[in-house]
Amino acid sequence: MELTAEQRKGLYRTMALSRAFDDAMIALYWEGKLPIFQFGAGPLPGELHCSNGAEPVGAGICAALGPEDMLTADHRPHHVAVARGVDLDRMAAELLGKKPGLSQGKGGHMHIYDPSVNFASSGIIAEGMAVAAGMALARRIQKRPGVALAFIGEGAANQGAFHEVCNMVGLWKLPVIVVVQDNEWGVSTAKSESTAIERNADRAVAYGMAGEWVGTNDPDDIYAAAARAVARARAGEGGTILEVKTARLTGHFMGDQQAYIPEQMKQVDPIPLYREKLIREGVLSAEEADAIEAEAKARMARAMEFAKAAPYPDPSEAFDHVFAGEAA
Amino acid sequence: MELTAEQRKGLYRTMALSRAFDDAMIALYWEGKLPIFQFGAGPLPGELHCSNGAEPVGAGICAALGPEDMLTADHRPHHVAVARGVDLDRMAAELLGKKPGLSQGKGGHMHIYDPSVNFASSGIIAEGMAVAAGMALARRIQKRPGVALAFIGEGAANQGAFHEVCNMVGLWKLPVIVVVQDNEWGVSTAKSESTAIERNADRAVAYGMAGEWVGTNDPDDIYAAAARAVARARAGEGGTILEVKTARLTGHFMGDQQAYIPEQMKQVDPIPLYREKLIREGVLSAEEADAIEAEAKARMARAMEFAKAAPYPDPSEAFDHVFAGEAA
Amino acid sequence: MSRILTMSRAGREALDWEMERRPEIFCLGEDVFKFGGIFGTMDGFGAKYGPERVISTPISETGFIGMAAGAAMAGMHPVVDLAYIDFIGVCYNVLLNCASKTHYMSGGAVKVPMTLLIGTGGGYNNAAQHSQCLHATVAHIPGAKVVYPSNAYDAKGMLHTALRDENFVIFLTHKGTAGVGWMGTPIKTTLSEVPEEPYTVPFGKVKVYREGTDVTITGLGMSVHESLKAADELEKEGISAEVVDLRSLVPLDREGIIASVAKTGRLIVTDEDYMSYGVSGEVITTVTEHDPTLFRKPPVRVTTPDIPIPFARPMEQAILPLAGRIADAARKLMA
Amino acid sequence: MSRILTMSRAGREALDWEMERRPEIFCLGEDVFKFGGIFGTMDGFGAKYGPERVISTPISETGFIGMAAGAAMAGMHPVVDLAYIDFIGVCYNVLLNCASKTHYMSGGAVKVPMTLLIGTGGGYNNAAQHSQCLHATVAHIPGAKVVYPSNAYDAKGMLHTALRDENFVIFLTHKGTAGVGWMGTPIKTTLSEVPEEPYTVPFGKVKVYREGTDVTITGLGMSVHESLKAADELEKEGISAEVVDLRSLVPLDREGIIASVAKTGRLIVTDEDYMSYGVSGEVITTVTEHDPTLFRKPPVRVTTPDIPIPFARPMEQAILPLAGRIADAARKLMA
Ligand SMILES: Cc1ncc(C[n+]2csc(CCOP(=O)(O)OP(=O)(O)O)c2C)c(N)n1
Ligand SMILES: Cc1ncc(C[n+]2csc(CCOP(=O)(O)OP(=O)(O)O)c2C)c(N)n1
Ligand SMILES: [Mg+2]
Ligand SMILES: [Mg+2]
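Here the protein sequences line up with chains W, C, Z and L, keeping their order.
Yeah, the first sequence ends on 422 if you go by my numbering, and it's all consecutive.
Yeah, the second sequence ends on 422 if you go by my numbering, and it's all consecutive.
Yeah, the third sequence ends on 364 if you go by my numbering, and it's all consecutive.
Yeah, the fourth sequence ends on 364 if you go by my numbering, and it's all consecutive.
Same shape as in the complex, but just chain W (with noise of 0.2 Å):
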């Protein structure tokens, strides 16, 4: 389960494109919201989650699936999204409630569905908990294999879901990782103002899972926790809650200024630890790391002139998959 050079490349590429595609968006968002903020204005209105600060965990996750496995992710599933390889320019379209975009323009950014990689998103906490346990479920009865992934916050680690899910994957064994991303915060409450004990993977243990804890927010560590955990799922041994600490850099939502988070309380940004990590190791130089993100801003801004050149659905398309097999 050691990963090669060439794959940790591949980690370090994966995470400046998230970043990449979280900045454009950030940049994107503040069109139209100057000098009076509004959720509804410019062209990337609403609620926006970025993920700059979790690309590890993406990055490091997704590097230890396969094709078959089953993704869902929550508010805020760009760095997931990415690094599943979910198309950059329909994710980028739908961001813009564009037409090429991944829902036509319906779904927005905490709703990202891309089935051609078994990736889905909800904007309600803990939701997607229940639905990857029953994709594995599926495949259970289609005796097809798949280990399925629920990305969650810690926050959303104290909801009822959590508990009922996680109880039915240890009771039947059942091929599921929960990705508990602690980020300490859910929205302005740290986690130790919102859960009683120090670690949800120590949770693991009123469930029949097992419990991985990563205290590093770097990708190569995550990486071999996953692996471990997707090994004794493909192997039957059943699920497993996979605590990774890892970092919100940006706030909860573009808006959020944050003035909450103590000084002594600032997080780190993991994507400069990892370049740095690298090139010490001498897995990249510093200008294959500069080639690197500026390939990853290239395509990036490549995904973004797509979304932007890219139609509005149109106003009568909203009446369009209320209900599967009916016409319009």
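Read the hints as simulated data drawn from the structure, not as lab findings.
Treat the hints with caution; some may be incorrect.
Said to hold, decoys possible - Chain C residues, not near chain Z, derived (Cβ > 10 Å throughout):
{"hint": "1", "residue": "Gly-191"}
{"hint": "2", "residue": "Trp-266"}
{"hint": "3", "residue": "Phe-400"}
Unchecked claim - List time: in silico DSBU-like cross-link candidates among lysine-lysine, alpha-carbon distance up to 35 Å:
{"hint": "4", "chain 1": "L", "residue 1": "Lys-326", "chain 2": "Z", "residue 2": "Lys-236"}
{"hint": "5", "chain 1": "L", "residue 1": "Lys-217", "chain 2": "W", "residue 2": "Lys-402"}
{"hint": "6", "chain 1": "C", "residue 1": "Lys-360", "chain 2": "Z", "residue 2": "Lys-326"}
{"hint": "7", "chain 1": "Z", "residue 1": "Lys-326", "chain 2": "L", "residue 2": "Lys-361"}
{"hint": "8", "chain 1": "W", "residue 1": "Lys-127", "chain 2": "L", "residue 2": "Lys-326"}
{"hint": "9", "chain 1": "L", "residue 1": "Lys-217", "chain 2": "W", "residue 2": "Lys-127"}
{"hint": "10", "chain 1": "C", "residue 1": "Lys-360", "chain 2": "C", "residue 2": "Lys-391"}
Note that CB positions come from ideal geometry on N, CA and C, so glycine has one too.
Starting from the known structure of chain W, arrange chains C, Z and L with the ligands on it as the hints suggest.
Just chains C, Z and L with the ligands now, with coordinates in the frame of chain W:
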């Protein structure tokens, strides 16, 4: 925390009274329901979940409480209500839907409320968890003493509310005791078919709560564990998940044939066992035990007489009590 | 060949037929393996199909209904038993925000074919938390189909339709109509001749149980049968009532409702759900927004009032929309 | 003295006044300590009242709203912030079966005085899971009062009333009306002169915002303001619209609705909630069951259709009941 002989006789008395209550109700329940069974027929209509077998839990735990403590029970509330000292006549009348019933005939057997002894119940699984915790929170804000107890079944421990409430109890160190009455069954589903791990008490570590497990259906043992939990709660040391192996002798509800229970899982009646124990230990003579039982039956006969003789509410009263503080 | 069946047996036949042929169908819910579901729709399925396809769950409704939605997204067609509709409170998000909306939110990329069986209604003294109808609550959710057969023929045909639908279908049955053991002798008008072979009954069409010329009485579930009883009474008094079973709330057959009222000019809407913000208002409005002059007299609602269901029999009987109240309403309308 | 305030500031004043005087009131909800609640109703309360009375909770809605109900039964009056009504899915049981029904199920022995603040509505591209109104869903629950102010004066007065009510009150505010930072410049018609001293606004009375003679337009929350905009337009065209704010869904002022339609003979019901099985049907039925001949023309519903809320602006704007659609409906009614 050793019980005196007098107190142990009291436990026996409580159990006998609870049993007399249920036996009387069971007898009445079948009136009008034979030969064709129908929930809605007879003088005691609706579902009826009896407590036969669970009497030690009510007796043992309530003996450790003071008048300031608060209790919520579930769809199977009789043994807790009797042990808590809920007015027997009015409770019996409530089961029969009579006007002098605790709820004036509006509640029935799953909705037993007696604020004079801080008792409430609900027919929705695990609903009482949060209600109990909220009562404890209220007392903390009011700076008044009081431990809150939520009585649930082992089946209910897999409901999301369990998790959400336990986490807040642990987080805020609330004086709450979650009493998990493990009678092995949730309707027809065995605990091993519903619960990923063997003991719900072990889930306490997920919440920073204490766990207590009582493997006997013996009120002395249950009392001892409850007394420890109550002492911790009163001392500000927080909550406990107190799980007790108990019994469900008369099926999930009346009409349940229990054909799904294999021979080797047949459960034992705890009342004769305790009687034998007390006689063996010289606390009671057989005559005294007989007298206690006879007294319990006589008391219950009076309650039944009261309930039967009581008038039904007028149909128009259905419109009262929809809102407080308003003329009917 | 056809036989007289209860709704319970008829529904079971449809599910069995589909399960035999379609491996993507599986059953999920509390006690379904041993008890066969609240209405016996899965009776004996545990033994026949095994624990992989007939799965008894913990008491974790958000969990297992959400899992059903996930399984549906992954190519299965789950049939979930929720027992009583009163329990939607603990799993409402799955209905409201997940199973119903995922197809739309994905722009059609994801489908969620699943059938949720739920029992409704009171009348047997099970009090405020086990007697509700709440069909309006689920029918108000966009993206969910909601159907509600009231007799054996429709139970089988509509369940076939539901199981072949690519969407989230909420399949309601009033407990008192199903013909299960714990509710006593089945109501005659719920029984019907049921063909052995499979057939479908389309959603979105009312069923005219009984034609009439003086007054239209609409109902659904149990209130259809109370309406039929009332119509029998009224017939003796020379009042000709047309009894219309809505059968399907989403889609709703607005034309069917209007056509009947256009004929009779009088409307009584019966409904065991709470009165306000529900089905009764929707039915009356359906006619009114089409043409209020169709009403020769103001339409009347005979429903459960906006109060919790009381336990005691004298109170519960008084507040349910039973035949007596319906017939009285009709008499007043004709006076 | 009175000042022009936003709904947010006005509501905050009521809660502050009551909290200063009544130790049984306390606040509970996600992020309320630091953020002061979705509408700033508790803005600064963390510092003022401390963490014992302004309690930020985990993301555990069933847990903390259920705890609020328990605290209410034990003598407190909790004020709970649920942020978005879309989240009722994860805690609906507390609303449906506990807080609303306990008083009744206990035969009046137990009271549950609590106020649940919830934000509703869309119009700012927050998509299907964060833009719903669902006020009909909560108004269909017996035993819960449901109120819905649309301007600052009512926000303060109705919150005083809620806090003095002995019952479970669901206090709705459309996000777009509150005047909070993240929704842009406040809508003029939501602002009002608000007295500094406390006062109550009774539940169950409509508010006639603007008198008119040709057509009655009812609305609630945001749709009141869209109706007012439409009425301005219509006035220029010589159509006199009466704009009626329902303000309170439970109790509902049926007389007030009927009185307005009796005057104008025409009715447009605007509603940002889904159309079917909701408020729009209830309002029309209220008039129809009283007297269908009051309608000179069939009444018209201008609502969000029965579809999930789409994200993209062109689609969302097209399906919301905005002033343009309302005015068009009025023009057709007058043609
Ligand atoms: C059931 C539900 N409750 C509340 C919310 C509002 N909400 C959205 S994100 C969020 C915080 C989530 O925290 P966490 O799970 O830690 O994820 P993070 O935002 O830190 O990535 C909240 C409370 C919601 N969307 N759904
Ligand atoms: C939310 C909810 N789901 C399902 C039910 C139906 N139900 C009533 S009692 C019961 C079994 C409860 O088992 P347990 O908690 O072990 O209590 P016991 O009956 O054994 O005392 C079920 C499933 C319910 N009342 N509420
Ligand atoms: Mg977080
Ligand atoms: Mg049990």
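Status of each hint after checking the structure:
Some Cβ of chain Z comes within 10 Å of the Cβ of Gly-191 of chain C; the nearest lies about 3 Å off, and the non-interface call is violated. No beta-carbon of chain Z is positioned within 10 Å of the beta-carbon of Trp-266 of chain C; the least distance is around 23 Å. The Cβ of Phe-400 of chain C lies farther than 10 Å from every Cβ of chain Z, with a closest approach of about 16 Å, so its non-interface assignment holds. Proximity of Lys-326 of chain L to Lys-236 of chain Z is assessed by CA-CA distance (about 30 Å); at most 35 Å being required, the pair is judged to hold.
Using a Cα cut-off of 35 Å, the hinted pair Lys-217 of chain L and Lys-402 of chain W holds, with the two alpha carbons roughly 34 Å apart. Note on Lys-360 of chain C and Lys-326 of chain Z: the hinted pairing is violated, with a Cα-Cα distance of about 64 Å set against a maximum of 35 Å. The straight-line distance between the Cα atoms of Lys-326 of chain Z and Lys-361 of chain L is roughly 26 Å, inside the 35 Å bound, and the hint therefore holds. Between Lys-127 of chain W and Lys-326 of chain L the CA atoms are separated by roughly 44 Å; this puts the pair beyond 35 Å, and the hint is violated.
Proximity of Lys-217 of chain L to Lys-127 of chain W is assessed by CA-CA distance (about 20 Å); at most 35 Å being required, the pair is judged to hold. Restraint check for Lys-360 of chain C and Lys-391 of chain C: satisfied, since their Cα atoms lie roughly 26 Å apart, inside the 35 Å limit.
In summary, the structure is inconsistent with hints 1, 6, 8 from the numbered list given earlier, while agreeing with the others.
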